[in-house]
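Put chain B on the given structure of chain A with help from the hints.
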Amino acid sequence: MTFDSYSAWYWPYLFILLAGWLPTDIWRFLGVYLAGHVKEESNLLVFARTLATSLVAAVIAKLVLYPEGALAGSPLALRLGAIALGFAVYITMGRKVYRGVIAGEALLIGGLWWTHSLPVS
Amino acid sequence: MQQLKRFSGPLPMPQSPQIPSDGWRWFGRGLARIGSIPSIILMFAFIGFAGLARDSGFTLPETMVMVLTIWALPANVVLIGAILSKASIVTAAISVALSSIRLMPMVVAIMPEMRTEKTRKITLYLAAHFVAITAWVMALEQFRTIPKEKRIIFFLGMGSGFLVANVLLVALAFAIADDLPPLMAAGLIFVTPLYFLFSLWGSAREKQSHYAMGYGLALTPFFHWLAPQSDILLTGVAGGLLAYGTGELVRWRRG
Numbered sequence: 001m002t003f004d005s006y007s008a009w010y011w012p013y014l015f016i017l018l019a020g021w022l023p024t025d026i027w028r029f030l031g032v033y034l035a036g037h038v039k040e041e042s043n044l045l046v047f048a049r050t051l052a053t054s055l056v057a058a059v060i061a062k063l064v065l066y067p068e069g070a071l072a073g074s075p076l077a078l079r080l081g082a083i084a085l086g087f088a089v090y091i092t093m094g095r096k097v098y099r100g101v102i103a104g105e106a107l108l109i110g111g112l113w114w115t116h117s118l119p120v121s
Numbered sequence: 001m002q003q004l005k006r007f008s009g010p011l012p013m014p015q016s017p018q019i020p021s022d023g024w025r026w027f028g029r030g031l032a033r034i035g036s037i038p039s040i041i042l043m044f045a046f047i048g049f050a051g052l053a054r055d056s057g058f059t060l061p062e063t064m065v066m067v068l069t070i071w072a073l074p075a076n077v078v079l080i081g082a083i084l085s086k087a088s089i090v091t092a093a094i095s096v097a098l099s100s101i102r103l104m105p106m107v108v109a110i111m112p113e114m115r116t117e118k119t120r121k122i123t124l125y126l127a128a129h130f131v132a133i134t135a136w137v138m139a140l141e142q143f144r145t146i147p148k149e150k151r152i153i154f155f156l157g158m159g160s161g162f163l164v165a166n167v168l169l170v171a172l173a174f175a176i177a178d179d180l181p182p183l184m185a186a187g188l189i190f191v192t193p194l195y196f197l198f199s200l201w202g203s204a205r206e207k208q209s210h211y212a213m214g215y216g217l218a219l220t221p222f223f224h225w226l227a228p229q230s231d232i233l234l235t236g237v238a239g240g241l242l243a244y245g246t247g248e249l250v251r252w253r254r255g
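Protein chains in written order, with the numbering used here: chain A, 1 to 121; chain B, 1 to 255.
Bound-form chain A, shown alone (with noise of 0.2 angstroms):
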């Protein structure tokens, strides 16, 4: 049963709602509910973060190494030196996201328009 299964035009919707909207909000649901039962210094709760946390990584890791769409043409060494660029600001210079933000994304498409690595559409 995958997204493409079935023909009926609700098919996409139920898939979006039982396999994405489902598994998101039972997690913030099950938080309403254990906010008065579980102390926030458990060591459950610990390990819920870092499962949590390393599976972001892996996403954010996944945007960088193996880009879909517009990305998907441009060099690999560029996109890693645009993120640890990024990172390296963020941390120095005062932990504001929008300066990391502005750091990478000013070496990604500098590099983009100066090896020409984009198709001109």
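By construction, these hints were calculated from the structure, which means they are not laboratory data. Any given hint could turn out to be false.
Claimed, not checked - Heads up, simulated EDC-like pairs for lysine to aspartate or glutamate below, C-alpha to C-alpha not over 16 angstroms straight-line:
1) B:Lys-207 / B:Glu-248
2) B:Lys-150 / B:Asp-179
3) A:Lys-96 / B:Glu-141
4) B:Lys-86 / A:Asp-4
5) B:Lys-150 / B:Glu-113
6) B:Lys-150 / B:Asp-22
As the list claims (entries may be wrong) - Residues of chain A clear of chain B, computed beta-carbon distances all greater than 10 angstroms:
7) Ser-7
8) Ala-8
9) Ser-54
10) Ala-77
What the hints assert, rightly or not - Covered stretches of chain B, as calculated for chain A (at least 3 residues, CB under 8 angstroms):
11) 199–208
12) 212–218
Here a beta-carbon is modelled for each residue, glycine too, at the ideal position from N, C-alpha and C.
Chain B alone, transformed into the frame defined by chain A:
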């Protein structure tokens, strides 16, 4: 103007919580956070996400339903990734569930700060739906300056504002995506990993979360090579266990 407002009320105590417009004032202050810098970065990330969804073959209504019901951007990206790799509905749901686990401790952390004895259950569950990285980090920053009984209405204003603004933005991005120069489209897609990397680093509550980021980033190529269809899931579990173990080891060695 300020003076006029202050003295035009029919009651002598405009600050009193019994006046309904006071609640709306806090709702409005939450809404106004749409214009803040983190919110604008989030909007860029959602414009990039709209481009990703469009390039991957999703329709506009499908993408809007995804954003409205899932809201958390990583879970949206994970769902699209799973669908593209022809995952079954069960595999896709497991991947999304694992990427959304972090929402549970986030909700647990924020609820006690905005819950009062009078707050209805349904209001709390509604507020929980708005919990995602940006709104959560901003709430923790802003709550210090907001009276406790006003925090929930402030958060509802901010959360619903972010959600509705980005759903509408996705529609706009779909309409203009064809006209975007490739360089700009590439730049917008890249905002997402940059933004998540920094805000995730900044919102970490303990050293273990930073270990987890390091392990997660480093292990991804290995698990992508080993099992491309479940690389996020495997990386998350392995990285999470290693990070927790490292934290325990460091604590044990320090005695």
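Okay, the hints, checked on the actual structure:
{"no.": "1", "hint": "B:Lys-207 / B:Glu-248", "in the structure": "holds (11 angstroms)"}
{"no.": "2", "hint": "B:Lys-150 / B:Asp-179", "in the structure": "violated (43 angstroms)"}
{"no.": "3", "hint": "A:Lys-96 / B:Glu-141", "in the structure": "holds (14 angstroms)"}
{"no.": "4", "hint": "B:Lys-86 / A:Asp-4", "in the structure": "holds (8 angstroms)"}
{"no.": "5", "hint": "B:Lys-150 / B:Glu-113", "in the structure": "holds (11 angstroms)"}
{"no.": "6", "hint": "B:Lys-150 / B:Asp-22", "in the structure": "holds (9 angstroms)"}
{"no.": "7", "hint": "Ser-7", "in the structure": "holds (14 angstroms)"}
{"no.": "8", "hint": "Ala-8", "in the structure": "holds (14 angstroms)"}
{"no.": "9", "hint": "Ser-54", "in the structure": "violated (3 angstroms)"}
{"no.": "10", "hint": "Ala-77", "in the structure": "holds (14 angstroms)"}
{"no.": "11", "hint": "199–208", "in the structure": "holds (count 8)"}
{"no.": "12", "hint": "212–218", "in the structure": "holds (count 6)"}
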